[in-house]
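Participant: Could you build all of it, start to finish, from the sequences and the hints given here?
Here the sequence shown stands for residues 3 to 778, numbered as in the numbering used here.
There could be a bad hint or two in this list.
Cβ pair distances, simulated, as ranges [claimed, not checked]:
(1) 349 - 176: 32 to 38 Å
(2) 60 - 153: 38 to 44 Å
(3) 145 - 381: 31 to 37 Å
(4) 133 - 559: 54 to 60 Å
(5) 98 - 621: 29 to 35 Å
(6) 307 - 559: 27 to 33 Å
The set of hints was computed from the structure by calculation and includes no laboratory data.
In this text, a Cβ means the ideal position worked out from N, Cα and C, and glycines have one as well.
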Amino acid sequence: MNRTKTLLCLALVSSAALPYGAAQAIDQETADQQLERLRSLDDQVRDIKRDSLDLAVDLELLERDVLYPDGNMVSAYLSVDLKAFVVETARLLVNGEQATVIEYQFNDAVSLTRDAAHEMARLDLGRGTHTITLEVSGRYAEDAETAPPVRRSDSYQVYLNGQPKAVEFVLEWTGRRREPRLSPREWASTGVLAANASEEQAPPQPLQARATRYLRETDRLFTALTKLRVWSQQYPGGASEDPDLLLAEGRTLVDFGLPAEAEQRLQRVRGSQATATQRNEAVLRLAELAYTRGQYKALLTALARDLVPPLVEDTERQAHDLRARAFMRLGDFQAALGEFEAARELGDLPPYMAYNYAITLMRNGAINEGTVALRRVGRIDIPNYELAALRDKANLTLGYQLLKQEQYEDARDAFRRIRLEGEYANKGLLGYGWSLYFGTAELGQDDVPTAYSSLSLLMRPGRGNASLFEKLGIGLTDEQRSNRETTKRLERALVPWSELLGRDPMDPAVQEAFVAVPQALGSLGAHRQSLQYYLRATELLEETRLRLDKAEDAIYSGRMVETLIARDLDSEAGWTWEVRDLPNAPETYYLYPLIASTQFQEALKNYRDLRFLARRTEGWLRAISAYGSRLAEGARPADPDQTVARARAHTRLFGDGIRPELRLEEGIGTSPARRGAPLQDAEPPELDLALAEPPPALAQTRNLRSPAQQMQSARPRIFELSDRVEATLIAQRDLLETMALNELNGQRRQAEEFLIEARFAMARIFDQQEGGPNAR
3 MNRTKTLLCL ALVSSAALPY GAAQAIDQET ADQQLERLRS LDDQVRDIKR DSLDLAVDLE
63 LLERDVLYPD GNMVSAYLSV DLKAFVVETA RLLVNGEQAT VIEYQFNDAV SLTRDAAHEM
123 ARLDLGRGTH TITLEVSGRY AEDAETAPPV RRSDSYQVYL NGQPKAVEFV LEWTGRRREP
183 RLSPREWAST GVLAANASEE QAPPQPLQAR ATRYLRETDR LFTALTKLRV WSQQYPGGAS
243 EDPDLLLAEG RTLVDFGLPA EAEQRLQRVR GSQATATQRN EAVLRLAELA YTRGQYKALL
303 TALARDLVPP LVEDTERQAH DLRARAFMRL GDFQAALGEF EAARELGDLP PYMAYNYAIT
363 LMRNGAINEG TVALRRVGRI DIPNYELAAL RDKANLTLGY QLLKQEQYED ARDAFRRIRL
423 EGEYANKGLL GYGWSLYFGT AELGQDDVPT AYSSLSLLMR PGRGNASLFE KLGIGLTDEQ
483 RSNRETTKRL ERALVPWSEL LGRDPMDPAV QEAFVAVPQA LGSLGAHRQS LQYYLRATEL
543 LEETRLRLDK AEDAIYSGRM VETLIARDLD SEAGWTWEVR DLPNAPETYY LYPLIASTQF
603 QEALKNYRDL RFLARRTEGW LRAISAYGSR LAEGARPADP DQTVARARAH TRLFGDGIRP
663 ELRLEEGIGT SPARRGAPLQ DAEPPELDLA LAEPPPALAQ TRNLRSPAQQ MQSARPRIFE
723 LSDRVEATLI AQRDLLETMA LNELNGQRRQ AEEFLIEARF AMARIFDQQE GGPNAR
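Facilitator: Now the structure itself:
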């Protein structure tokens with residue numbers, strides 16, 4: 003293969019490495035119609051989310067009136083102020099009797115350490131003093147699994163007199179020995195820390211803000227928004243302009259997929275008398291919203307106008323990152339480079355910024371500097387999945403860049419660092435093979451993996467003892483083997499390519515390998531062996547077309563979308579949700595590129611949110627029936643005096659505030675001048691008596707319904723919302739299925755193009771060899 007063919011093949015590799023999307027599967031007009039339909043459904047889903055939140059808030063308020071009519075409610079919270087401690091269990095007791103036991107999953111326990119508070123239980127207690135006891139057990143992060151758990155307990159006495167209260171148990175360090183202890187503190191219903199709380203430390207963030215953070219960290223966004231809005235409606239004075247609460251609600255609204263409402267909250271923080279840190283955080287969140295909407299110029303203007311000093315280092319770095327990404331989107335890579343350089347003055351760039359910095363250098367023509375920067379990202383440690391994927395992407399980009407520069411040895415060094423199993427593995431295997439084929443250096447210790455399951459694992463000693471030609475059924479003649487250098491390079495390249503040939507045949511990199519192997523064999527003059535691989539490719543592509551038909555039938559059956567979200571039906575993650583893994587099903591086998599696309603992901607998230615809301619409406623109906631049964635069976639009797647007091651506090655009854663003046667009257671029907679005179683015999687006057695209408699205020703109170711009756715009357719609202727959810731679900735599912743079918747049609751056309759190419763290649767081989775397949 004000459005150098006021209008080499009560069010042409012590399013160009014094919016680069017184009018094949020790009021993910022396929024709707025634009026390649028359908029024409030532009032159809033794509034525009036699909037996008038318009040997607041946006042229309044997105045607006046409908048947001049309206050349903052808003053109405054669902056309003057209904058959830060109303061039901062929550064009614065539930066509290068039904069279950070706690072006299073207001074004697076206590077919420078018990080747990081928070082952890084120890085960054086290296088993992089709570090495993092928590093046991094709550096009331097007056098010596100167990101109320102609940104909670105076993106924390108690891109992720110939930112970690113969320114507790116992030117300045118969050120978990121509402122463990124909501125207790126319905128009578129008037130008077132009650133003792134609440136909490137027992138927790140857990141371990142330090144560095145403890146061995148065999149180490150005994152650390153146990154702590156404490157009690158708190160709370161007095162109830164018709165007002166809801168909250169008791170928070172804080173697990174924190176204490177004393178010089180730095181041992182953990184539980185410290186209880188009481189919060190009033192208005193969100194104010196009780197007067198008997200410790201004043202040694204700075205006051206914590208509002209309890210409701212930290213409770214919202216825990217629910218958001220554990221992907222319970224709908225519940226977090228409902229509770230925060232219930233509290234805001236009950237005590238508007240304490241929540242309407244509190245910056246911490248507005249920030250908490252704004253962030254949660256963004257995650258739940260209601261950006262317009264989030265922007266309203268964050269704008270109120272930006273224009274309030276909040277601290278500089280709070281205002282700047284709101285500005286950054288607004289800038290992120292603008293970035294997701296594609297409003298890059300508005301983002302740049304807002305950051306320049308609204309950030310206020312002093313800027314903490316993290317805030318300044320985030321601002322530089324947002325500006326740089328906005329400039330990159332606008333195509334101004336010179337300005338983006340300036341932002342990255344300014345961020346570098348604050349210290350080392352985070353991995354994602356370092357990757358974008360390297361790409362920006364290359365787009366500005368600084369290829370060598372960009373290569374060095376990419377090489378640094380490609381060698382970072384990988385403590386988590388996200389950084390592992392970033393490292394693979396950096397090495398893949400670096401490897402192909404070096405291939406284009408014909409620096410094959412350096413390209414091999416980049417490719418071999420890519421994980422053997424990962425989203426960039428197939429493209430890495432293809433490039434690794436080309437770097438081995440065109441490189442001249444012998445394999446050394448650098449090609450043997452020392453950590454992780456990287457591509458260089460394929461080259462470990464002992465794996466390639468047997469000839470790859472024999473393993474792959476490639477019989478070379480003595481004449482072909484006499485070209486030792488080419489044969490040796492080809493055999494090295496076949497190591498990653500043989501691994502690639504056994505993978506997903508619809509991956510563009512795999513299909514490219516089916517072209518690369520016979521092309522490389524042709525460079526040896528092994529036309530018969532090259533023909534064998536083209537025959538294998540045609541058989542595989544014919545089989546692929548049949549499997550695409552089966553996948554299409556599965557989509558028409560309506561099961562595809564439900565299969566994708568089956569594991570997360572009850573998740574409240576909103577826009578933060580993503581497909582964790584794809585089930586092994588015909589309809590998902592060929593949809594990896596589509597599912598990775600932004601449009602399909604957003605449509606799938608909307609569908610999953612609608613399924614969650616459908617299940618939530620069903621739960622509301624069951625809960626209303628359960629409340630009716632509970633009231634029929636008889637719950638704890640409410641304190642009548644406190645119930646009346648709460649009713650008067652929320653509703654002005656007729657006659658409230660009127661104090662009649664009473665005096666003794668000595669005469670009846672007489673004028674003041676004749677008072678004290680004896681009564682005279684007289685005929686009684688004729689009285690015209692008629693039924694009087696009650697005063698307007700009294701007429702309104704006469705028709706007031708109890709909370710239980712109001713809850714029953716909410717059924718029509720729930721049914722109406724349920725019908726809207728169901729109709730939008732059907733439309734959203736139709737859209738997802740249409741997108742999937744378009745993708746399959748595009749893949750079918752792609753397979754047919756490869757099939758035609760393989761058949762033409764076989765025809766050329768037959769033309770070149772007069773003896774047909776029997777010729778050498």
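Participant: Which numbered hints does this structure break?
Facilitator: 6
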